[in-house]
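Trainee: Protein chains in written order, with our numbering: chain A, 1 to 424; chain B, 1 to 424.
Hints are computed from structural coordinates only; laboratory data are not their basis. Hints should not be assumed to be uniformly reliable.
Which copy is meant is left open, because identical chains are indistinguishable; a pair holds if it fits in one copy or across any two.
Capping the alpha-carbon separation at 27 Å, the derived lysine-lysine pairs in DSS-like fashion look like this [to be verified]:
| hint | residue 1 | residue 2 |
| --- | --- | --- |
| 1 | Lys280 | Lys360 |
| 2 | Lys419 | Lys48 |
| 3 | Lys36 | Lys200 |
| 4 | Lys151 | Lys343 |
| 5 | Lys363 | Lys239 |
| 6 | Lys176 | Lys419 |
| 7 | Lys197 | Lys406 |
| 8 | Lys112 | Lys199 |
| 9 | Lys396 | Lys277 |
| 10 | Lys378 | Lys246 |
| 11 | Lys81 | Lys396 |
| 12 | Lys423 | Lys239 |
| 13 | Lys280 | Lys239 |
| 14 | Lys28 | Lys277 |
| 15 | Lys176 | Lys28 |
| 16 | Lys239 | Lys419 |
| 17 | Lys216 | Lys382 |
| 18 | Lys21 | Lys378 |
| 19 | Lys360 | Lys277 |
| 20 | Lys57 | Lys277 |
| 21 | Lys423 | Lys199 |
Note that the coordinates shown come from a computational prediction; the quantities given were computed from them, not determined experimentally.
Protein chains: 2
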Amino acid sequence: MTQVENAKKNHITGLVRQVAKRDGVTCKYIMDGLKKGTIVIPANRLRKIKTPCAIGKGLHTKINANIGTSPYRGSIAQELKKLDICVKYYADTVMDLSTGKGLNRVREAILKESPLPVGTVPLYEIAVSRRERGSSFYNASSGEIFDVIEKQAREGVDFFTIHAGVTRKVISVLKKHRRIAGIVSRGGALIAEWMRKNKKENPLFENFGRVISIAKEYDITLSLGDGLRPGSVCDATDKPQIEELKILGRLARQARAEDVQVVVEGPGHVPIDQIEKNMKLQQKLCDNAPFYVLGPLVTDIAPGYDHISSVIGATLAGFHGADFLCYVTPAEHLSIPTLEDVKNGLIAYKIAAHSADIAKGIKGAIDWDRRISVLRRKRDWKGHISSSIDPEMAEKIHRRFRTESKDVCTMCGEYCPLKISEKM
Amino acid sequence: MTQVENAKKNHITGLVRQVAKRDGVTCKYIMDGLKKGTIVIPANRLRKIKTPCAIGKGLHTKINANIGTSPYRGSIAQELKKLDICVKYYADTVMDLSTGKGLNRVREAILKESPLPVGTVPLYEIAVSRRERGSSFYNASSGEIFDVIEKQAREGVDFFTIHAGVTRKVISVLKKHRRIAGIVSRGGALIAEWMRKNKKENPLFENFGRVISIAKEYDITLSLGDGLRPGSVCDATDKPQIEELKILGRLARQARAEDVQVVVEGPGHVPIDQIEKNMKLQQKLCDNAPFYVLGPLVTDIAPGYDHISSVIGATLAGFHGADFLCYVTPAEHLSIPTLEDVKNGLIAYKIAAHSADIAKGIKGAIDWDRRISVLRRKRDWKGHISSSIDPEMAEKIHRRFRTESKDVCTMCGEYCPLKISEKM
Numbered sequence: 001m002t003q004v005e006n007a008k009k010n011h012i013t014g015l016v017r018q019v020a021k022r023d024g025v026t027c028k029y030i031m032d033g034l035k036k037g038t039i040v041i042p043a044n045r046l047r048k049i050k051t052p053c054a055i056g057k058g059l060h061t062k063i064n065a066n067i068g069t070s071p072y073r074g075s076i077a078q079e080l081k082k083l084d085i086c087v088k089y090y091a092d093t094v095m096d097l098s099t100g101k102g103l104n105r106v107r108e109a110i111l112k113e114s115p116l117p118v119g120t121v122p123l124y125e126i127a128v129s130r131r132e133r134g135s136s137f138y139n140a141s142s143g144e145i146f147d148v149i150e151k152q153a154r155e156g157v158d159f160f161t162i163h164a165g166v167t168r169k170v171i172s173v174l175k176k177h178r179r180i181a182g183i184v185s186r187g188g189a190l191i192a193e194w195m196r197k198n199k200k201e202n203p204l205f206e207n208f209g210r211v212i213s214i215a216k217e218y219d220i221t222l223s224l225g226d227g228l229r230p231g232s233v234c235d236a237t238d239k240p241q242i243e244e245l246k247i248l249g250r251l252a253r254q255a256r257a258e259d260v261q262v263v264v265e266g267p268g269h270v271p272i273d274q275i276e277k278n279m280k281l282q283q284k285l286c287d288n289a290p291f292y293v294l295g296p297l298v299t300d301i302a303p304g305y306d307h308i309s310s311v312i313g314a315t316l317a318g319f320h321g322a323d324f325l326c327y328v329t330p331a332e333h334l335s336i337p338t339l340e341d342v343k344n345g346l347i348a349y350k351i352a353a354h355s356a357d358i359a360k361g362i363k364g365a366i367d368w369d370r371r372i373s374v375l376r377r378k379r380d381w382k383g384h385i386s387s388s389i390d391p392e393m394a395e396k397i398h399r400r401f402r403t404e405s406k407d408v409c410t411m412c413g414e415y416c417p418l419k420i421s422e423k424m
Numbered sequence: 001m002t003q004v005e006n007a008k009k010n011h012i013t014g015l016v017r018q019v020a021k022r023d024g025v026t027c028k029y030i031m032d033g034l035k036k037g038t039i040v041i042p043a044n045r046l047r048k049i050k051t052p053c054a055i056g057k058g059l060h061t062k063i064n065a066n067i068g069t070s071p072y073r074g075s076i077a078q079e080l081k082k083l084d085i086c087v088k089y090y091a092d093t094v095m096d097l098s099t100g101k102g103l104n105r106v107r108e109a110i111l112k113e114s115p116l117p118v119g120t121v122p123l124y125e126i127a128v129s130r131r132e133r134g135s136s137f138y139n140a141s142s143g144e145i146f147d148v149i150e151k152q153a154r155e156g157v158d159f160f161t162i163h164a165g166v167t168r169k170v171i172s173v174l175k176k177h178r179r180i181a182g183i184v185s186r187g188g189a190l191i192a193e194w195m196r197k198n199k200k201e202n203p204l205f206e207n208f209g210r211v212i213s214i215a216k217e218y219d220i221t222l223s224l225g226d227g228l229r230p231g232s233v234c235d236a237t238d239k240p241q242i243e244e245l246k247i248l249g250r251l252a253r254q255a256r257a258e259d260v261q262v263v264v265e266g267p268g269h270v271p272i273d274q275i276e277k278n279m280k281l282q283q284k285l286c287d288n289a290p291f292y293v294l295g296p297l298v299t300d301i302a303p304g305y306d307h308i309s310s311v312i313g314a315t316l317a318g319f320h321g322a323d324f325l326c327y328v329t330p331a332e333h334l335s336i337p338t339l340e341d342v343k344n345g346l347i348a349y350k351i352a353a354h355s356a357d358i359a360k361g362i363k364g365a366i367d368w369d370r371r372i373s374v375l376r377r378k379r380d381w382k383g384h385i386s387s388s389i390d391p392e393m394a395e396k397i398h399r400r401f402r403t404e405s406k407d408v409c410t411m412c413g414e415y416c417p418l419k420i421s422e423k424m
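Just chain A, same shape as in the assembly (with noise of 0.2 Å):
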C-alpha cells in the first residue's frame, strides 16, 4: 500500500510518525493531508531514510539541495562530500542531477549514503548513457524512457522530476510567443528536442499513466518539472509557462486519483510584485497540491550571486504558499558549484524557509529568533554565536578583530546600544 492508501484507511505507518514528530504536527494532521494531497512524504518503499521529511501545507517549509556531476566536472568522492554539507546544513532532501561520465555510480552512492530523500531526472540518464555510447538522447524510444524511470524506482530513489508538461500544445504556444529566455530547463530542453526531431507528442505526458504505475508500485513521489519555467523576469509568468502549469495541474489530479504523491514544480525567475500571484495561481490551478519552487529570482542582473537574488523570491514564495524550496548557489548561470558554493546556498534558503515560517505563523518558529535575540540582548556573545544559522561562520567574524572588554563586539565597542540601555 501507499502511504496515501494507508492514510485513506487511517492506518498509521512508522514513517508517519517520524515525520509527524519531526513537523510537531499531529499523525493525523499529516495522514489529514497525504489524503487530500496537499502534503507528501518522499520515501521510495525499497529505501529506509534515516531522516524523512513531509512536505506541504502547514508544515515547515523544506529545503532541496541539487548536487550531482557535470560533463567537465566531479566524482563521487566530491558529490558525497556535497551530501554531507546538505545534511549538515539543513538540507531537507537531495537531487542527484549527475549528466557527467558514469553517472549511474554517484546515483549508486548518493542513495547507499544518503540519510536524506533523494530524487532525480531520470532523463538526464539516458542523455548520457545514449551519448557515452557514441549517440543521442533524441535516438532513445519511449520504451527505453520508461525502463529507465523503471530501474531508477528499483534502485531506491524517492523522488522523480517528470517534465510531462511539455506537450505538443504548449510548444505551439511558446513557438508564437516570443520569449526573452527561451528554454532554461535541461530536462525540459531534451524532452522538446527529442518530440521536434522525432515529431511526436511527450512519450511522459502520452504515457502519463505508466509514470503513476511505477510511481504507484513503489511509492515514489512524482514532482512534476515545469520544463517552460521562465529563464528571465521579462518572460514572468508568461503563456508558455501558465499552458504548462495548467497541464501540471491536471496530471496532479490525475496521479491523486490513483493514490500516488505528487509536488508541482515553478519558477525559476519572477518579480516580487507577481509573486504571490504566481503562488496562487498554483494552488487553484493544481488543488493545492505542494509547490516546489527554484527560487524564485527576483532580477537576472546578478550571477555570482544567484544565492541572494533568487533567496528573496524565494522566501516570498513561502510565505505566500510555497512548501518545496530548490536552492540556487552563487555558481548559478556560471559554472558547477563548489563545496562552498553549496554550503553558501543552502545557508540561504534555511534563512528564507525559516523567515517564511514566523511570517506564516509556523508554530514553534519563531522560538528561535527569540532565543538568540535574548542572548544578544544579555551581550552572552558565546551563546548567541552557539545558537546562530552558522557557528563557524559567526565566530570566524566575532574574532577576526579584539577587543579589550568581553561584553562587547568591536561594531560598537564601548557604545554597544545593549550596554548603554541595559539599566533602564
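Chain A is already provided as a structure; the job is to place chain B on it using the hints.
Mentor: Positioned in the frame of chain A, the structure of chain B alone reads:
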C-alpha cells in the same frame, strides 16, 4: 534659499537638473516632490557633491552604506578604502558612523574625498570627544549638543540622523512594554541614557526648532532616527516603535513647514508578513516623507549572513514604498565590517534596490535584466559577465573550471538547455 524654497519659486537649480537626469525624470517631477516633501536631495549648500542624488517617491530606490571607525578598529586610510568600495559598488550615499579615536579627522577626510552625499550622527562626536577627555556623553549640555551639530553643518555634512523621537513619553511606553531586545540604536541608547541620568526631556525634541534652523541654514536633510527601533523580529511593530513613529511624523511636518528636507528612519527587524503594513503606516503617519529603512532583517537567526536576512526585507520594503535602503553587512551583530563585508553588503543591497524598482515599475529598471537575459540566451558569456552586477566575481566563478567548449559553462556542459533548444 533651500532646495525646497527654490522649487516653490519654480527655480530650477543645477542640483535639480543633475539629479533629474540621473533618475531619468523631469526637473518638474523632482521639484514637485521637493515641494510636497516626498523627495529630498541631501546636499549641504557648502559642499560640492560630484554625484548627488534625489531620494523619494517614483525614483530609483537609493542605497546608503555605513562606514567609519569603531573604538577598536579603523583608520583614515581604511575608511577611505571603504569609501572607494562604496563608490564602485553602487552606494548612493555614505554615512560616517565613526566612534573611534580622532573621529573628526576621519569625517574631515571622508567629506573631502566623497563624491557621494555624506551623513553623520552628530551625537557620536560628543560621546567620543567627551570620552577622550575622560568625561562622558551624559555630562554634555544641550548647548554642547547643538554646538556640535552646527559645527558639523559648517563642515559640509549633507544629512544628519537626529534622534529626536526618543521622548520621555515614548520611553515610558517602552518601559511598560516588555521587549525582547531593548534598545539597539546607538544614538537612541545614548540619548535615552542621557535623559535618565539628567532627568530631562530629549534636548533634540525639546529644541527641535533649533535643529530645523541649522538644517535650513545649510540646506541639510534631516533623517529622523528611530532610536527605539525593534532589534528582534519578536519586537516588530510594537508600541514603542509606533509611538516613536508618530512623533517622527509630527517632527517631519514641522520641518517641512520650514522648507527643510526630511526623511524618516525605520526598522530594523520585521517578519515579512509585517513589512507592507510597516511601510503603509509610515506613509500615513509621516505624510509620505521618504522612508529610510535599515534592512529590515526578516529573522534574527543569521549573524554572519545578515546581509542576506536583511536584503529579503529590504527588497520587500522597497517594493512597498521605502525609498532609501541602509545596507547591512555580513558582520552585523558580530564585528566592525571589513572591506569585503562592505562590498558584500552593497552588492546585496543593489540586488534589493534594483529588484524593488523592477517590481514598482520604475521606468527603465528592467532593461538591465533584458539585456543580460538576451546575452545569456545567446551564450555570449563574455557579454553576460561584463554586464553583470559584479563582473570580477562572475568571471572568477565562470573560469574556476575549464570546459572544452566555449559556448557552455561547467554547470550543464553539452546539456545546456539554451544550446539544446536554440533550434526551436
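Trainee: State the violated hints by number, sorted upward, taking the hints as numbered earlier in the document.
Mentor: 2, 3, 4, 8, 9, 10, 14, 15, 17 and 18
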